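Chains as they are written, first to last, in my numbering: chain A, 1 to 319; chain B, 1 to 319; chain C, 1 to 319; chain D, 1 to 319.
A hint or two may mislead.
You can't tell identical chains apart in this list, so a pair holds if it fits in one copy or across any two.
[Stated by the list, open to error] With a Cα cut of at most 30 angstroms, we get these calculated DSS-like pairs of lysine-lysine:
id, residue 1, residue 2
1, Lys80, Lys36
2, Lys26, Lys80
3, Lys84, Lys36
4, Lys36, Lys25
5, Lys288, Lys26
6, Lys153, Lys297
Worth flagging that the hints you see were computed from the coordinates, not collected in a lab.
All figures in this text were calculated on a predicted structure; none of them were measured in a lab.
There are 4 protein chains.
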Amino acid sequence: MKIQHSVMVGMMSRVADKFHEYHPKKSLRERLEDAKKVTIADGIEIVYPSEFSDQISAVRLIKDSGLAISAVNLNVKSEKRWEKGSFTAPDPQIRREAVDSMKSAMDLAVEFGTDMVSCCPLIDGHNFNFEVDYMTQWGWLEDGIRLGASHRKDVKVSLEYKLNECRNANILSDMGRVLYLCERIGLPNIGVTMDVGHALMARETPAEVMSIAAMSGRLFYMHFNDNDRYWDWDMIPGSVNFWDLLEVLYYLDRLDWEGWFSYDIAVRDGSIVETMQSGIENVINAQKFLNKIGVDKINGWINNQSSALTFKTLIESML
Amino acid sequence: MKIQHSVMVGMMSRVADKFHEYHPKKSLRERLEDAKKVTIADGIEIVYPSEFSDQISAVRLIKDSGLAISAVNLNVKSEKRWEKGSFTAPDPQIRREAVDSMKSAMDLAVEFGTDMVSCCPLIDGHNFNFEVDYMTQWGWLEDGIRLGASHRKDVKVSLEYKLNECRNANILSDMGRVLYLCERIGLPNIGVTMDVGHALMARETPAEVMSIAAMSGRLFYMHFNDNDRYWDWDMIPGSVNFWDLLEVLYYLDRLDWEGWFSYDIAVRDGSIVETMQSGIENVINAQKFLNKIGVDKINGWINNQSSALTFKTLIESML
Amino acid sequence: MKIQHSVMVGMMSRVADKFHEYHPKKSLRERLEDAKKVTIADGIEIVYPSEFSDQISAVRLIKDSGLAISAVNLNVKSEKRWEKGSFTAPDPQIRREAVDSMKSAMDLAVEFGTDMVSCCPLIDGHNFNFEVDYMTQWGWLEDGIRLGASHRKDVKVSLEYKLNECRNANILSDMGRVLYLCERIGLPNIGVTMDVGHALMARETPAEVMSIAAMSGRLFYMHFNDNDRYWDWDMIPGSVNFWDLLEVLYYLDRLDWEGWFSYDIAVRDGSIVETMQSGIENVINAQKFLNKIGVDKINGWINNQSSALTFKTLIESML
Amino acid sequence: MKIQHSVMVGMMSRVADKFHEYHPKKSLRERLEDAKKVTIADGIEIVYPSEFSDQISAVRLIKDSGLAISAVNLNVKSEKRWEKGSFTAPDPQIRREAVDSMKSAMDLAVEFGTDMVSCCPLIDGHNFNFEVDYMTQWGWLEDGIRLGASHRKDVKVSLEYKLNECRNANILSDMGRVLYLCERIGLPNIGVTMDVGHALMARETPAEVMSIAAMSGRLFYMHFNDNDRYWDWDMIPGSVNFWDLLEVLYYLDRLDWEGWFSYDIAVRDGSIVETMQSGIENVINAQKFLNKIGVDKINGWINNQSSALTFKTLIESML
């Protein structure tokens with residue numbers, strides 16, 4: 001397993017929910033400085049197009065920072081034009097713009113020396129019964145992703161599923177649906193960004209769906225955070241479902257997976273820099289705890305399906 | 001749309017949960033008599049192998065009843081031998097027996113003049129982290145279903161997904177995962193039994209996932225019931241999520257779908273026969289309510305994404 | 001039952017979630033004009049202190065609008081000072097300010113000719129384990145509400161519970177906890193604002209908890225909206241759980257309840273004015289549908305616990 | 001904190017769900033022998049009346065076992081007579097029988113040298129809208145518990161809430177509602193059995209609601225197990241929400257609480273005796289892990305609301 005850790009600079013600016021603002025907006029320059037203070041990180045994930053209203057200077061700023069880029073995160077949800085959807089907008093011009101944005105993000109990725117575009121199409125779905133045409137919508141999604149990803153073979157398009165938000169029901173809701181979409185489209189450069197919190201809120205066992213994706217070579221990229229299995233609170237990794245975190249790391253190790261872990265943490269209390277640093281340390285320490293137990297012992301648990309012994313040993317190993 | 005209605009004779013015997021028995025066990029003969037009293041039904045769904053401990057006399061009894069068979073429901077979860085799984089049991093002999101059971105169910109279906117075997121593999125999955133090997137388990141599932149379904153081309157194997165129970169996390173948990181499995185296996189006679197309640201508890205919009213399945217010809221069979229989106233209570237169709245029921249019927253009509261609706265209702269209060277009868281009538285009356293509104297009006301709602309108008313009209317139409 | 005309908009002018013301005021803005025900010029003046037266009041409404045609910053940065057002119061503007069005030073909604077969550085809590089902030093000065101805000105809201109209510117202050121303390125609770133001292137926090141909540149509500153006897157303090165948001169776990173989370181708090185404090189002018197959507201997301205049956213509150217005279221005020229029982233989407237009333245809406249109205253009628261229904265709808269698609277109008281019409285039409293069936297028939301269902309008949313009749317009554 | 005550990009002998013017999021039987025029925029004699037093999041336990045919890053069809057011999061058997069009795073668990077849900085409810089059955093004779101059962105359980109408790117009757121009224125509630133009269137039902141519940149608990153002052157009646165099952169919606173659903181009920185009834189010998197898993201599935205933070213109950217002296221008895229926050233799987237304590245387990249122990253220690261921990265674990269895989277033993281050891285080891293960290297450090301986390309530091313330290317402490 002060869003892992004690098006990345007912080008999402010998009011999460012290091014304004015943090016707010018419907019009712020309260022926890023951290024104020026910061027410029028890209030300020031956030032790049034902050035990102036360097038997360039000394040344990042190996043790079044950053046950068047959002048396109050929001051960070052690139054002045055593309056030339058933004059690219060220069062990011063390159064000058066010396067920070068490695070783990071992925072370009074394609075955001076096709078926030079701008080006004082996406083209000084009725086992006087890849088599934090009823091207006092064909094908007095759908096074309098979503099595809100074009102994906103192509104641009106792929107080109108930008110190459111410019112930054114990465115081969116990864118991650119995209120979570122959160123404004124494609126529905127809120128009410130009898131609001132959208134599900135068949136047309138699914139067809140548009142297949143067409144749009146196929147068109148975009150066909151732009152170039154040297155860049156991966158990694159789709160991030162999420163059950164809901166913005167839409168009450170997102171069309172790309174869970175791992176099964178993304179893998180089905182990948183099979184339907186059939187391109188080798190399409191895969192999955194597995195956000196551990198999104199798996200939890202979709203009532204999936206993270207290690208299970210991650211393994212199924214990895215078996216067919218579709219596990220491209222990882223997002224780490226945690227939640228209560230109900231809502232995507234983007235909490236500190238390991239702060240709720242610590243066993244799930246351990247299990248995810250155990251399988252990635254078995255798969256000898258190589259890639260980036262990106263940290264999608266919404267910091268409402270305390271310092272963003274310190275929390276990002278701690279979040280990464282938690283994952284590294286969880287791996288150390290696994291090593292303390294030893295892979296052979298864990299393999300034995302699974303072979304014997306002996307859960308009582310498993311949890312007795314896990315907890316004893318802390319003492 | 002050409003629909004026939006079927007009652008599950010497996011649900012017309014003992015009804016019990018962990019704490020209380022609501023209805024006592026009844027013999028197959030008694031239940032076949034009861035099923036005839038559900039006068040609005042066009043046929044029955046029958047469970048294999050539990051009803052067939054004496055296969056010759058059971059087949060004769062069912063044939064003599066004159067009731068049409070909508071599907072053979074393959075149960076590979078209740079017997080002691082399945083305690084560690086069926087298609088994903090660690091013991092290869094048990095996995096072979098699961099496959100053989102599927103083949104036998106397919107042959108039995110032909111004997112009953114139907115081309116449908118429906119199977120919900122509820123004992124394949126896991127309860128705890130670090131309990132099973134997810135990759136091996138998924139491989140066994142693919143292999144087992146492929147082997148079983150390859151037995152004969154003239155019978156459909158319709159897989160019913162469910163989020164949990166028996167296992168805390170079933171391997172065949174949601175629509176996306178079933179469709180992905182179907183693509184991986186690639187046989188034309190594999191598809192989905194869509195249980196409306198299972199879609200709800202997997203946090204799916206039933207009409208949406210049903211439409212996606214139907215688009216690739218995988219929607220083979222329907223189960224109707226209702227619940228609170230949390231647990232599979234098998235309530236009376238339309239008794240909780242009436243709009244979802246309407247929307248399902250609207251899409252089936254648009255798809256001009258032909259097939260069986262089976263009623264998987266757990267009757268804890270009152271007469272099983274009367275509740276099955278009412279359950280079917282609810283679905284038929286929901287279709288009448290749709291007709292009262294008119295398809296053109298509904299198409300207009302969807303084209304205009306005008307939810308405020310949609311629900312105003314739906315409720316006004318009741319007055 | 002004597003009901004008046006109110007729109008929340010706080011919901012008629014900017015509508016946004018974490019990712020997208022659906023409607024832009026509007027001035028109070030504009031929103032009061034909009035509120036008049038909701039012709040079926042009898043009044044408005046107004047937020048304090050956010051609308052009252054210039055209190056004299058805001059009061060005059062509202063009074064000049066000629067719109068009746070159903071309640072003053074006390075917001076102690078959005079301003080920076082509440083970031084660590086309001087009634088349960090660790091800083092005693094902040095807790096005093098929360099209490100003082102409640103007193104001011106009560107005085108303002110009187111000025112507007114209403115006796116109702118509604119308050120949903122959404123920033124009191126916790127996000128993580130080991131983050132707050134639960135015992136101290138509960139004590140502060142009791143003390144703060146008691147102190148505030150003791151300010152004057154002629155104004156009701158109506159507490160609105162909500163499971164989460166802003167906090168992952170709000171301290172005033174469900175009906176049972178509010179009623180317990182009311183008993184502990186013991187003042188007659190403390191009661192509950194029952195938001196139908198909040199009941200649903202707390203996994204309550206709205207009509208049940210509403211009835212329990214009303215039995216001890218604590219049901220002061222109602223908020224109407226709907227959701228999928230998981231998240232407070234503030235959807236159009238009746239657009240998801242129509243039977244729950246009917247049941248709520250049936251019990252309010254039996255209780256011969258008098259008061260205000262306020263409409264807490266987040267309009268993401270289409271016109272806010274039209275959606276508020278439709279939302280109110282849905283509730284009025286739901287009442288008409290109940291009358292079409294007749295109270296006696298419903299009483300009979302309940303006396304006989306005959307759910308199969310209940311839903312058969314409900315659906316037949318639509319045809 | 002002075003804790004004793006108890007196993008539920010009711011969970012050491014047949015273990016089954018709707019679809020599969022995992023362990024066969026065992027006689028009381030066999031289970032008492034098994035309970036002795038759980039060497040780390042200090043006593044047992046015993047179910048009344050199911051174990052006492054022949055009361056004299058059952059009492060003798062239990063007394064002869066030499067096992068201490070932590071509580072008598074009053075079961076008023078399984079027998080046929082309770083099918084419409086126990087304390088809230090429409091038939092007044094059945095309600096009287098529920099009250100009489102409580103009185104008998106209290107007398108039996110004294111005979112066993114304990115002062116604790118624990119009761120989870122799982123068949124009181126509703127499945128459908130328009131099925132029961134909520135106001136009458138709540139009144140009956142208050143009356144029944146008051147009448148029963150008034151039988152004698154030297155025995156505690158400890159009410160265990162649960163969100164659902166048997167009923168889709170139990171009337172005694174969450175901590176708030178139990179505490180409200182206790183206030184309404186007003187007897188000092190009424191309190192709460194806090195089942196950690198029931199708190200989780202009611203979306204409560206276990207340590208929070210436990211603390212609120214303890215503040216007014218209502219926390220009488222504890223049940224330990226774990227689940228996924230959705231359904232009461234009765235899993236091994238600490239096997240899902242380990243931080244919640246730690247937090248519960250931390251607060252009990254601060255409260256210097258004295259009493260019994262009972263283990264309500266449904267063992268589907270492996271040996272019941274070994275799993276009960278492991279379950280108790282997990283709780284004891286979790287306490288040791290707390291001690292390893294030290295109370296002062298945890299107090300500091302709470303005073304500083306520094307969650308990033310909290311979880312960094314918790315995980316580092318395992319290494």
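Violations among the numbered hints, reported as their numbers in ascending order: The structure breaks hints 5 and 6; every other hint is satisfied.
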